[in-house]
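Participant: These are the residues of each chain, in order.
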Amino acid sequence: MSGAEFVPLSLTPMLIGILAAIACALPGNFLLLRRQALIGDAISHVVLPGIVLAFLVTGTITTWPMMIGAGGAALISVLLIEAIRRLGRIEPGAAMGVVFTTMFAGGVLLLERTDTSSVHLDVEHALMGNLESLIWLDARGWQSLLDPVALAGLPSELTRMALTCLAVAIFIGLFWRPLKISTFDEGFAQVVGMRTNLIGLSLVAVSAMAAVAAFDAVGSIIVIAMFICPPAAARLVTNRLVAQVGWSVVFATLSAGLGYVLAGYGPLWLGGQDSVSAAGMIATVSGLTLAVTAFIGPTRGGQQG
Amino acid sequence: MLWQALTLQLGYNATLVAIGAMLLGIAAGVSGSFLFLRRRALVSDAISHATLPGVGLAFIVMVALGGDGRNLAGLLAGSAISAAIGLLCVQWLTRNTRLAEDSAIGAVLSVFFGFGIVLLTVIQTMESGRQAGLDSLLLGATAGMLRSDAILIAAGGALTLALTLILRRPMIMVAFDRDYAAARGLNIRQVDFATMALVLAVTVVGLKIVGLILIVALLIIPPVTARFWTDRTERVWQFSGLIGGLSAYTGAAISASAPQLPTGPLIVLTGFAVFVVSLAFAPGRGVLAAGLRHISFQRRVHMRQGLLALAQGQPIYERYTIRLLMRAGLARADGVATEAGRAGAAKALLDEHRWEILRTMSDQESATALYDGMRAIETVVTRDQLSEIDARLTAPRDVPA
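Which chain is which? The protein sequence lines are E and V, in order.
Converting from the first sequence to the numbering used here requires adding 1 to each position, the first position being numbered 1.
Converting from the second sequence to the numbering used here requires adding 28 to each position, the first position being numbered 1.
Among the hints, erroneous ones may be present.
To be verified - On the chain E side, residues computed to face chain V include the following (Cβ under 7 angstroms):
| id | residue |
| --- | --- |
| 1 | Gly-98 |
| 2 | Asp-275 |
| 3 | Ala-284 |
In case anyone wonders, no lab produced these hints; they're calculated from the structure.
Cβ atoms here follow ideal geometry from the backbone N, Cα and C, with glycine treated the same way.
I would like the entire structure built from these sequences, with the hints used as guidance.
Facilitator: Next up, the structure:
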């Protein structure tokens with residue numbers, strides 16, 4: 002595989018995939034420990050009606066209205082879950098199930114009832130993303146990395162994902178102590194004067210931001226998988242939170258990179274002709290890493306030990 | 029058109045689908061209520077997403093064997109196998125690693141679904157896969173369904189419903205009180221397994237109608253809705269089945285009445301509409317009922333505190349209290365007690381004194397615990413006890429005018 006082929010066709014999708022994976026895995030660590038792991042699942046379902054509504058309002062598929070629609074839908078779903086949980090005194094899991102299925106159903110119905118034949122907007126796209134199409138047309142090879150003209154033609158998803166990833170990392174870094182303390186001992190955190198509700202809410206907000214940004218670029222399967230699998234695998238490898246976060250980044254990078262390569266080139270090695278879904282493959286690889294750690298991870302221990 | 033659909037006049041297939049959907053909805057509502065009572069509602073989400081690789085593999089195998097890859101029975105068999113594997117993975121991860129159940133659910137859901145998508149893209153590149161239409165199983169599609177498929181779904185719905193009804197007694201017992209069920213000699217693991225098998229059956233039968241992403245709604249929304257209407261376990265599953273059947277039937281009928289109305293989302297949205305109505309208007313647990321209860325409680329507190337203030341000759345500053353007292357004819361607008369008000373105030377003060385004495389009686393602790401600042405003491409103690417209390421009262425004081 003030469004640079005002239007790899008750089009324009011595979012480098013940017015791979016980087017975007019890796020950045021999306023890391024942006025989701027970072028907050029995923031805390032969600033996992035707080036037993037809110039399925040929030041990523043819920044968010045990635047509810048963004049569909051937001052995106053469809055944004056399309057209905059603006060009539061085009063442009064990034065910002067879509068992101069605002071998706072973010073708004075995520076926010077509404079969090080509020081709805083909270084309202085149903087409190088008003089109806091229903092356990093959080095069931096409240097979540099009610100809200101995300103309903104909003105997704107609403108999104109599908111809206112989508113079916115509107116004419117989207119002129120644009121690329123359908124449920125499959127929302128699920129699988131379009132990682133493979135985020136190519137860098139201006140690149141001619143490795144030397145293009147130093148060429149300002151070619152760099153200007155980088156897909157905008159790359160910059161956006163990099164910024165999101167950076168923002169998530171900064172949030173985790175700045176609020177490391179409060180996040181850690183309120184995750185492991187909420188009572189103690191309250192006693193020392195931390196506003197645990199606010200911390201929990203901002204964690205969910207940051208996760209939603211990462212999910213929405215990643216969703217736009219890579220589809221919802223990667224989002225759900227990356228919120229859970231790398232942190233879960235990391236949890237089976239270490240007891241320390243710092244190490245867990247570090248390992249989760251490693252696993253996320255590994256899944257995204259390896260998954261993309263396997264999807265793009267695996268079928269060719271097996272004698273096939275067409276590539277398979279990169280998003281699906283990345284999720285599969287992340288599942289394999291989790292399976293490996295579940296069998297040999299040093300701290301995999303059961304609930305007893 | 030809608031009326032025709034609701035009364036089953038849109039042809040043989042639409043009728044079969046509506047009836048099948050109703051049977052499925054009842055079965056889903058009933059088996060979902062056991063999941064819900066065990067607080068494991070979201071396990072069904074993992075099961076439903078885990079069906080996808082089975083569908084893909086079944087298609088590939090059937091084509092490789094020279095058959096028609098779209099055979100619904102074959103696809104459903106494949107989906108059942110992979111959903112069972114997914115369920116086992118969730119249970120294995122929860123039992124043998126330190127991961128909590130929600131993480132295991134999320135991991136299985138996303139990985140199986142991702143792998144299923146990989147298989148779907150493989151199928152798309154296959155010769156016979158171009159028009160496989162397997163993605164209709166993602167969101168469900170009943171339009172243009174083969175007659176044999178419709179019969180299969182109706183039969184599947186009937187079968188799951190029958191199984192659910194047969195197995196309901198042990199499942200109720202386990203859902204309601206695990207320890208008691210174990211003490212009665214039930215094998216908890218087997219009952220749990222049966223519950224999960226039923227949920228799996230519902231999921232598989234529901235694939236074609238509701239689609240694998242939304243089937244979880246049929247298992248969650250009806251029991252959550254039913255819970256608003258009753259506190260009794262038997263009633264929860266009955267109501268849940270009723271609500272599930274009703275929303276599935278209505279949703280399927282609406283969807284058959286016009287083109288471009290996908291069945292699955294309509295069933296889910298119908299169920300959600302019933303949920304919202306219940307959340308608002310159910311007696312007891314509904315929001316409206318809770319609001320009314322709150323207002324009447326507030327009123328009683330204000331009346332009581334107002335009467336006590338009158339009794340002790342304290343001025344009342346709270347406008348709401350004075351308004352309430354005035355409306356009941358107990359006080360004038362300037363906060364001075366009327367004749368009836370003085371009597372009521374004396375009674376309230378007497379009550380408070382009696383409660384005070386009751387609190388000093390060590391053998392009356394359980395009666396004392398009922399004190400909430402509003403309850404008349406006669407409703408708590410017997411007449412004999414009351415005269416015992418009155419014997420300890422100090423001389424009555426006059427209520428200041």
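Participant: Each hint should be assessed against the structure and marked as holding or not.
Facilitator: Status of the hints after comparison with the structure:
no.	hint	in the structure
1	Gly-98	holds, 4 angstroms
2	Asp-275	holds, 4 angstroms
3	Ala-284	holds, 2 angstroms
Checked against the numbered hints above, the structure breaks none of them.
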